[in-house]
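Undergrad: Chain residues, written in single-letter form:
There are 2 protein chains.
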Amino acid sequence: MSDKEMPDEFELIKRHLAPLSAKEPGAFLLTDDAAVLPSKAGLETVITMDTLVSGIHFLESTAPEYIASKAVRVNLSDLAAMGAQPAAYTLSLALPEHIQAGLHPQVDGVWLERFCEALAVEQELFGVTLIGGDTVSTPGPLTLTITAIGYVEQGQAIKRSTARAGDLVVVSGTIGDAAFGLLALKGELEALSAPSLEILIERQHRPGPQIALGRSLLNFANAAIDVSDGLVQDLGHICTASGVSAVIELEKIPTSAALDEALRRSSFVKSDVLGGGDDYELLFTIPPECEAGLQTISKERNVILTVIGKVHQETGAIGEVIVIDHAGMPLDVMVTGFRHFGSMT
Amino acid sequence: MSDKEMPDEFELIKRHLAPLSAKEPGAFLLTDDAAVLPSKAGLETVITMDTLVSGIHFLESTAPEYIASKAVRVNLSDLAAMGAQPAAYTLSLALPEHIQAGLHPQVDGVWLERFCEALAVEQELFGVTLIGGDTVSTPGPLTLTITAIGYVEQGQAIKRSTARAGDLVVVSGTIGDAAFGLLALKGELEALSAPSLEILIERQHRPGPQIALGRSLLNFANAAIDVSDGLVQDLGHICTASGVSAVIELEKIPTSAALDEALRRSSFVKSDVLGGGDDYELLFTIPPECEAGLQTISKERNVILTVIGKVHQETGAIGEVIVIDHAGMPLDVMVTGFRHFGSMT
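So the sequences go chain by chain: Z and X.
For any residue, its number in my numbering is found by taking its place in the first sequence, counting from 1, and adding 1071.
For any residue, its number in my numbering is found by taking its place in the second sequence, counting from 1, and adding 1071.
Derived from the structure by calculation, the hints contain no laboratory data.
One or more hints might be untrue.
In this list, chains with the same sequence are indistinguishable; a pair is considered to hold if it fits within one copy or across any two.
[Claimed, not checked] Listed below are the simulated SDA-like cross-link pairs for lysine to any residue, each with C-alpha atoms no more than 25 Å apart in a straight line:
1) K1257 x R1372
2) K1370 x L1402
3) K1381 x P1167
4) K1085 x Q1384
5) K1370 x E1385
6) K1381 x L1256
7) K1111 x H1397
8) K1094 x K1111
9) K1257 x A1134
10) K1111 x Y1222
11) K1341 x H1169
12) K1381 x L1114
13) K1323 x T1367
14) K1094 x Q1227
15) K1111 x G1097
16) K1381 x E1082
17) K1094 x T1311
18) K1085 x R1277
19) K1094 x S1232
20) K1085 x G1314
21) K1257 x G1279
22) K1111 x Q1156
23) K1370 x S1338
24) K1085 x P1109
25) K1085 x T1233
26) K1370 x D1396
Bear in mind the structure is a predicted one, so any value in this text is a computation, not a measurement.
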């Protein structure tokens, strides 16, 4: 860790962050210039980086525990989409003065203490260790960047660019909960029952990276991505990278009971889930002959897997995702994420 | 690369950033969830992360070329201090709206274009390739985080914690230029000649990471660090980590002719260089019997190497750095960086 312009940075690192690095000897308890990770025979290193900005990626009132969860999990979700096993991460914290001083207008207690305790829980849950990073002051909003590092068997990483015509399109879990959780947080789902509200908000705050599922997709899925921008947009990424198009059926998109209630009790309709992001489920394509294997994986990993459509070569332009209704008629869907959900600010 | 809330982010990545990743096949032209780096037999992976915030780590008026240089180089300097050979980096850009729009009150042209062209030059100079990252919007200042990845021969990384009593303390290049360059940028060195001003400011803008020197220190230096916080503070880090103290001689600290001129023409004195940061030279300790080897390395790497003091076991407390004058009398030096230099804002 390096310091710059943060008065008590060494103390902060020593007290709050260094203990998080204890399991990885190559992190040198965050006292050196860089971390050293051993090479692992037969494995490749998988690296991803994501930044969260307060007011953009989470509401300013969000509890530090949720921010810690989200910062770690959105990164682990990217590793999961490649089929990698997460191992370590570096963390950059750009902290406004009130957080350095332990004062947050909307958060009780010492922000950093709560944030780091939550990181410890994440580390335990996902088997990752902090190995380095940076802490700096900012006159702007709290900004967190994590670089997550994982390993995958040599040559086995699952890419976006290798979907093939004829592949089935599969998605894990349920779609739309996180985006509707954000609506709930913003007070736009007022008619919803308390338990359903809680479920949707929890999905927005605490995405569950599908790491075990990703590992099961090695040598099984042709292509994969995690659903962060929105189902249609992310499937579009696979299609563009693979030079194909896709047709998915609106009716088949799996939704939770909580989301179904939200649809019944608001003016939103099911097609609104197509553009909602933050699900962090895995979206992948498999050769049709592998369909039977889905059930095995679903049981093994305790996750719902739903075939929602098919990859095409000649239907639609390259990169196009066509969503059809129960009558087989294409919907007029803007292929963009965040259609209804916009910025959090 | 993932996107969130930046309208033209995909276009930005495709146009400006993807070309920077072309040399590393595992970066997938920044179109996948994560990058995949091959494992390298006999080598360990070295990882470091540094964040720069506009107004904190560089003046807001700084040209994008200098920001690119600095963001890359401060990270490569950390790898150099471990003796690692840099290979790749990920980049997180949190961009204020005016930069996304190509408008910067104090910078001509399209900021991002100039920034990325400068990154290309850095890549060429140091043999590194962009392999991933993130671009997000921020309502705050421009914030850049780089995670740099390098390789070092197994078990050979040079640490801070392995200095031994009796070691000589050596520093590369000249010390203090960057800190005085900052003073110059702030208009506090007005009596200085134009060429000297330029030299000092260039050292502040464009630190030269001592990568080749770092490689030469493998199996030669006992401990190393890069001088980022300030000479005394960074030597203190080595001493604390190693459980030793050090005595250095003020007169021996190498300074440039430009800095000497600055000292003559201002009220600053030589001891003011002790707390100035941003030099990004290497500070290391060697067994006394290795002193003769310094000359060989100095010639090979074309860098000045100066013995400035000695590591002790029984003089001073653990972690203490004592600076003595020409008469051998200890100076009253606060062991803190940035004594005179404070924040850039």
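Undergrad: If a hint holds in the structure, say so; if it does not, say that too.
TA: Hint-by-hint comparison with the structure:
no.	hint	verdict
1	K1257 x R1372	neither (33 Å within a copy, 59 Å between copies)
2	K1370 x L1402	neither (33 Å within a copy, 71 Å between copies)
3	K1381 x P1167	neither (47 Å within a copy, 40 Å between copies)
4	K1085 x Q1384	between (56 Å within a copy, 24 Å between copies)
5	K1370 x E1385	neither (34 Å within a copy, 64 Å between copies)
6	K1381 x L1256	neither (34 Å within a copy, 60 Å between copies)
7	K1111 x H1397	neither (49 Å within a copy, 52 Å between copies)
8	K1094 x K1111	both (17 Å within a copy, 23 Å between copies)
9	K1257 x A1134	within (15 Å within a copy, 39 Å between copies)
10	K1111 x Y1222	both (8 Å within a copy, 13 Å between copies)
11	K1341 x H1169	neither (41 Å within a copy, 36 Å between copies)
12	K1381 x L1114	neither (32 Å within a copy, 43 Å between copies)
13	K1323 x T1367	within (20 Å within a copy, 71 Å between copies)
14	K1094 x Q1227	between (27 Å within a copy, 20 Å between copies)
15	K1111 x G1097	both (14 Å within a copy, 17 Å between copies)
16	K1381 x E1082	neither (55 Å within a copy, 27 Å between copies)
17	K1094 x T1311	between (41 Å within a copy, 21 Å between copies)
18	K1085 x R1277	neither (27 Å within a copy, 30 Å between copies)
19	K1094 x S1232	between (36 Å within a copy, 18 Å between copies)
20	K1085 x G1314	between (50 Å within a copy, 16 Å between copies)
21	K1257 x G1279	within (22 Å within a copy, 48 Å between copies)
22	K1111 x Q1156	both (13 Å within a copy, 18 Å between copies)
23	K1370 x S1338	neither (35 Å within a copy, 75 Å between copies)
24	K1085 x P1109	within (24 Å within a copy, 33 Å between copies)
25	K1085 x T1233	between (45 Å within a copy, 19 Å between copies)
26	K1370 x D1396	neither (29 Å within a copy, 74 Å between copies)
Of the numbered hints stated above, those contradicted by the structure are hints 1, 2, 3, 5, 6, 7, 11, 12, 16, 18, 23 and 26, listed in ascending order.
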